[in-house]
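Whenever a hint applies, use it, and build me the whole structure from the sequences.
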Amino acid sequence: MRRQELGPGIAALHNRELSADEARRLLSSPLSEQEIEATRELVAWFMRRYPTARERFAYNRRAYARAVARTGIASL
Amino acid sequence: MDAGEFDEDEFFRAVFACGGRVLLIGRQALIALGLPVLTADYDFWIAFEDVERLNASLEPLGFVPNRSPEEARRTGRYVLENSEHVDVLLARSVPTVHGEQAAFEDMWTRRQTVPFGEGVDIALPTIDDLITTKLFGARERDKADIALLQALKRGASR
Numbered sequence: 001m002r003r004q005e006l007g008p009g010i011a012a013l014h015n016r017e018l019s020a021d022e023a024r025r026l027l028s029s030p031l032s033e034q035e036i037e038a039t040r041e042l043v044a045w046f047m048r049r050y051p052t053a054r055e056r057f058a059y060n061r062r063a064y065a066r067a068v069a070r071t072g073i074a075s076l
Numbered sequence: 001m002d003a004g005e006f007d008e009d010e011f012f013r014a015v016f017a018c019g020g021r022v023l024l025i026g027r028q029a030l031i032a033l034g035l036p037v038l039t040a041d042y043d044f045w046i047a048f049e050d051v052e053r054l055n056a057s058l059e060p061l062g063f064v065p066n067r068s069p070e071e072a073r074r075t076g077r078y079v080l081e082n083s084e085h086v087d088v089l090l091a092r093s094v095p096t097v098h099g100e101q102a103a104f105e106d107m108w109t110r111r112q113t114v115p116f117g118e119g120v121d122i123a124l125p126t127i128d129d130l131i132t133t134k135l136f137g138a139r140e141r142d143k144a145d146i147a148l149l150q151a152l153k154r155g156a157s158r
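Order-wise, the sequence lines are chains A and B. Residues in the first sequence are numbered from 1 upward in steps of one, following the working numbering. Residues in the second sequence are numbered from 1 upward in steps of one, following the working numbering.
Quick caveat, the hints were computed from the structure, so don't treat them as lab data. Among the clues, some could well be false.
To be verified - Which chain B residues stay away from chain A? Per the calculated CB distances, all over 10 Å, these: (1) A17; (2) A32; (3) A56; (4) P65; (5) P69; (6) R73; (7) R77; (8) A91; (9) G117; (10) E118; (11) D142.
Said to hold, decoys possible - Ranges of calculated distance between the beta carbons of each label pair, as one might list FRET restraints: (12) B:S93 to A:A69: 32 to 42 Å; (13) B:A17 to A:S19: 36 to 46 Å; (14) B:E81 to A:A63: 32 to 42 Å; (15) A:R70 to B:D87: 31 to 41 Å; (16) B:G19 to A:L13: 21 to 31 Å; (17) A:S19 to B:D7: 33 to 43 Å; (18) A:A69 to B:R139: 35 to 45 Å; (19) A:G72 to B:D7: 24 to 34 Å; (20) B:S93 to A:P51: 11 to 21 Å; (21) A:S29 to B:R158: 37 to 47 Å; (22) A:R70 to B:S93: 34 to 44 Å; (23) B:P60 to A:E22: 21 to 31 Å; (24) A:A11 to B:E8: 18 to 28 Å.
As the list claims (entries may be wrong) - Not the full set, but computed from the structure, chain A residues with beta-carbon under 10 Å of chain B: (25) N15; (26) R16; (27) A20; (28) D21; (29) A23; (30) V68.
Backbone N, C-alpha and C fix where the C-beta goes; we use that ideal spot for every residue, glycine too.
This is the structure we're talking about:
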């Protein structure tokens with residue numbers, strides 16, 4: 001699969017290391033009901049549309065290739 | 001082997017039929033669990049003893065390791081590459097950024113499996129353990145994946 005990296009500024013933000021405190025906060029911060037429901041619906045659609053792991057992996061390859069072709073960015 | 005010839009079915013069959021203890025981690029594990037995220041990479045955490053088994057299984061597909069098994073064991077990780085990029089972790093345990101120690105043996109014992117098809121099962125860590133793996137070298141980009149995994153767990157428990 002063709003790879004093209006993010007620009008240096010965006011890559012620096014994207015790859016910034018989290019501190020121990022940030023990690024702890026991330027784990028303890030509560031999720032909203034909306035976030036949980038939105039994820040549940042997304043997963044339900046994905047599993048219904050692509051019932052096997054094999055189909056979901058294949059979807060990823062197609063969708064990733066489309067995203068790279070559209071944006072030219074491979075570090076998604 | 002170029003990108004057009006890569007057979008993902010054959011790849012996963014080779015990985016999970018190698019006879020070693022192999023856990024799928026990273027974003028491909030999220031996809032296996034039903035989260036529609038995108039990635040170009042494959043990440044595995046394997047038992048310390050099983051590097052030769054995995055290499056032998058992927059060698060016919062053109063994958064070449066960037067380190068010898070001895071070097072890989074010394075550094076705790078290596079890469080297998082052809083047109084695809086496979087990150088392999090083989091440390092016995094890895095610290096998280098917030099100071100916890102995660103052991104492969106523990107994650108392997110708690111593992112879950114997802115059917116891939118054609119009689120092949122994919123082994124991956126529990127959702128909590130996948131969150132832990134995201135904290136090994138946690139970066140800004142991992143925050144969204146951690147939130148998705150937390151939401152997946154909360155949604156599944158209803």
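Quick rundown of the hints versus the structure:
Against chain A, the non-interface label of B:A17 holds: every CB pair exceeds 10 Å, the least being about 14 Å. With a least CB separation of 5 Å from chain A, B:A32 falls inside the 10 Å interface cut-off, contrary to its annotation. Distance check on B:A56: its Cβ is at least 23 Å (rounded) from any Cβ of chain A, clearing the 10 Å threshold; non-interface status holds. Even its closest Cβ contact with chain A, about 19 Å, leaves B:P65 beyond 10 Å, as expected for a residue assigned away from the interface.
The beta carbon of B:P69 sits about 26 Å from the closest Cβ of chain A, which is more than 10 Å, so the claim that it is off the interface holds. A cut-off of 10 Å between C-beta atoms confirms that B:R73 is not in contact with chain A; the least separation is 26 Å. The Cβ of B:R77 sits about 17 Å from the closest Cβ of chain A, beyond the 10 Å cut-off, so the non-interface label holds. With a least beta-carbon separation of about 19 Å from chain A, B:A91 lies farther than 10 Å from that chain, consistent with its non-interface assignment.
Non-interface status of B:G117 relative to chain A is broken: a Cβ of that chain comes within 10 Å, the nearest being about 4 Å off. At roughly 8 Å from the closest C-beta of chain A, the C-beta of B:E118 falls inside 10 Å, breaking its exclusion from the interface. With a least CB separation of 7 Å from chain A, B:D142 falls inside the 10 Å interface cut-off, contrary to its annotation. Between B:S93 and A:A69 the CB atoms are about 40 Å apart, so this pair conforms to the stated range of 32 to 42 Å.
Remark: the range hint 36 to 46 Å for B:A17 to A:S19 is upheld by a beta-carbon distance near 41 Å. A hinted range of 32 to 42 Å is violated for the C-beta pair B:E81 and A:A63, which are about 22 Å apart. Remark: the range hint 31 to 41 Å for A:R70 to B:D87 is contradicted by a beta-carbon distance near 26 Å. Roughly 42 Å separates the CB atoms of B:G19 and A:L13, a value that falls outside the hinted 21 to 31 Å.
Range check, A:S19 to B:D7: Cβ separation about 42 Å, and the 33 to 43 Å hint holds. The hinted range of 35 to 45 Å is not satisfied by A:A69 and B:R139, whose Cβ atoms lie roughly 26 Å apart. Remark: the range hint 24 to 34 Å for A:G72 to B:D7 is upheld by a beta-carbon distance near 26 Å. The hinted range of 11 to 21 Å is not satisfied by B:S93 and A:P51, whose Cβ atoms lie roughly 35 Å apart.
Distance hint for A:S29 and B:R158: a CB-CB separation of about 20 Å, inconsistent with the stated range 37 to 47 Å. Between A:R70 and B:S93 the C-beta distance comes to about 40 Å, which sits within the given range of 34 to 44 Å. Range check, B:P60 to A:E22: Cβ separation about 43 Å, and the 21 to 31 Å hint is violated. The hinted range of 18 to 28 Å is satisfied by A:A11 and B:E8, whose Cβ atoms lie roughly 27 Å apart.
Look at A:N15: its Cβ gets to within about 5 Å of chain B, closer than 10 Å, so that hint holds up. Nearest Cβ of chain B to the Cβ of A:R16: about 4 Å, under the 10 Å cut. The hint holds. Interface restraint check: A:A20 against chain B, minimum CB-CB distance 4 Å, threshold 10 Å, status holds. Because the smallest distance between the Cβ of A:D21 and any Cβ of chain B comes to about 8 Å, under 10 Å, the interface hint for this residue holds.
Interface restraint check: A:A23 against chain B, minimum CB-CB distance 4 Å, threshold 10 Å, status holds. Here the hint on A:V68 is kept, as its CB sits about 8 Å from the closest CB of chain B, short of 10 Å.
When the structure is compared with the earlier hints, violations turn up for hints 2, 9, 10, 11, 14, 15, 16, 18, 20, 21, 23 and for no others.
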